[in-house]
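Line by line, the protein sequences give chains A and B.
Mapping of the first sequence onto the working numbering: position 66 corresponds to residue 66, and the numbering continues sequentially without gaps.
Mapping of the second sequence onto the working numbering: position 71 corresponds to residue 71, and the numbering continues sequentially without gaps.
I should point out that these hints are in silico values taken from the structure, not numbers from a laboratory.
Treat the hints loosely; a few may be bogus.
Said to hold, decoys possible - Simulated crosslink set (SDA-like; lysine to any residue; CA at most 20 angstroms straight-line):
#1 K123(B) x R52(A)
#2 K27(B) x A78(A)
#3 K65(B) x N94(B)
#4 K123(B) x K18(B)
#5 K65(B) x P147(B)
#6 K65(B) x L81(B)
#7 K123(B) x E90(A)
#8 K18(B) x A43(A)
#9 K27(B) x Q77(A)
#10 K18(B) x E90(A)
#11 K171(B) x E93(B)
#12 K18(B) x V38(A)
#13 K18(B) x T104(A)
#14 K171(B) x V60(B)
#15 K123(B) x A99(A)
#16 K123(B) x C107(B)
#17 K18(B) x F29(B)
#18 K123(B) x R18(A)
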Amino acid sequence: VNGIHDMGGMHGFGPVVREADEPAFHEDWERRTFAISVLAARAIEFPIDEHRHAIENLAPTVYLQAAYFERWLLGLQAVLEHRGVVTGAEVEERMAAIAAGVAT
Amino acid sequence: MDERSHTDPPSGPALRIKALESILVEKGFVDPEAIDDLIDVVENRIGPRNGAQVVAHAWVDPDYKERLLEDGSAGIAELGLSVLQAEHLVVLENTPDVHNVVVCTLCSCYPWPVLGMQPSWYKSAAYRSRVVIEPRRVLAEFGLDVPDEVEVRVWDSNADIRYMVLPIRPKGTDGWTEDELVELVTRDSMIGTSIPHDRGLNLAEDT
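Given only the sequences and the hints, what does the whole structure look like? Please build it.
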């Protein structure tokens, strides 16, 4: 069984686009997603492969449309849910509360 | 940057990571100060300069080069550079007959203790899919024309093994100090999509 992540040899993705003087991260949420993923893996003791596996299990359409660190973010949440650290509902609630300005 | 387009509103991922951070801090899994410290390490203390030091040292010290090619992780640790990842690091030597280039077709495995964070193109579907089937064409797009008589070897990184290229020392650099040599070594020359700056020849290079 192959997956969408197994990209070697696939056709049709066009030229390789490069960015001059590219920073390590483009946006603040990207650097925080990176750091929190690494620290959560240490604290909860899940191997990096579990995170990668969760990313590879994203729906193919999500995988292709999401930016790189969005895949990390969605993979991280999947691992945390699988490990019972958070529930999807809890995350949605907190997002709504932060958006409404009643939580930080 | 078509890979960065998405269907969520722009605040989507920013809001989601804020929520996860909020919950993880509240439950005591993550220390906010540790987040800032780790970001500082990644943005300011690791990067291709580390790899360049390894390359320059290998160019001036043949015994070191031998040890480095034998065991990349140990060779890097020998220079006092932090090896933050447990994965094994293999150093691939370019020669007049062989040009090496590195990819991770499955995700974006990368030797970040020596090279820093991956550039976006390394993570892109285009690079991952194409460099394994048409490496010469991809390298040409980077401005690197590999002569037909030179073999191109493409190395696919994985969870356990990360690769870094040891480029050929440019001609005309005899007698240069290690510090001067470090300046010639670019990130892309250690991925294999370029070669070190070669003053006077004006070879194509983007960083």
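Consistency of the hints with the structure:
With a C-alpha separation of about 14 angstroms, the suggested pairing of K123(B) with R52(A) holds against the 20 angstroms cut-off. Distance check on the hinted pair: K27(B) and A78(A) sit about 17 angstroms apart at the alpha-carbon level, within 20 angstroms; holds. With a CA separation close to 12 angstroms, the supplied pair K65(B) and N94(B) stays within the 20 angstroms bound. Restraint check: the Cα-Cα separation between K123(B) and K18(B) comes to about 24 angstroms, which exceeds 20 angstroms; the hinted pair is violated.
A C-alpha spacing of about 26 angstroms is found between K65(B) and P147(B), which places the hinted pair above 20 angstroms, so the restraint is violated. Restraint check for K65(B) and L81(B): the C-alpha separation of about 16 angstroms stays at or below 20 angstroms, so the hint holds. For the hint pairing K123(B) with E90(A), the CA-to-CA distance comes to about 31 angstroms; that exceeds 20 angstroms, so the pair is violated. Using a Cα cut-off of 20 angstroms, the hinted pair K18(B) and A43(A) holds, with the two alpha carbons roughly 18 angstroms apart.
Between K27(B) and Q77(A) the alpha-carbon distance is near 15 angstroms, which keeps this suggested pair within the 20 angstroms criterion. The suggested pairing of K18(B) with E90(A) holds, with an alpha-carbon distance near 13 angstroms, which does not exceed 20 angstroms. Restraint check for K171(B) and E93(B): the C-alpha separation of about 16 angstroms stays at or below 20 angstroms, so the hint holds. A threshold of 20 angstroms between alpha carbons decides the hint, and for K18(B) with V38(A) the separation of about 15 angstroms falls inside it, so the pair holds.
The straight-line distance between the Cα atoms of K18(B) and T104(A) is roughly 8 angstroms, inside the 20 angstroms bound, and the hint therefore holds. Only pairs whose Cα atoms come within 20 angstroms are accepted, and K171(B) paired with V60(B) is accepted, the gap being roughly 13 angstroms. For the hint linking K123(B) to A99(A), the alpha-carbon distance of about 31 angstroms lies beyond 20 angstroms, and the restraint is violated. With a CA separation close to 7 angstroms, the supplied pair K123(B) and C107(B) stays within the 20 angstroms bound.
Taken as a hint, the K18(B) and F29(B) pair is honoured in the structure, with Cα atoms around 15 angstroms apart against an allowance of 20 angstroms. Distance check on the hinted pair: K123(B) and R18(A) sit about 11 angstroms apart at the alpha-carbon level, within 20 angstroms; holds.
Going down the numbered hints, you'll see the structure goes against 4, 5, 7, 15, while the others check out.
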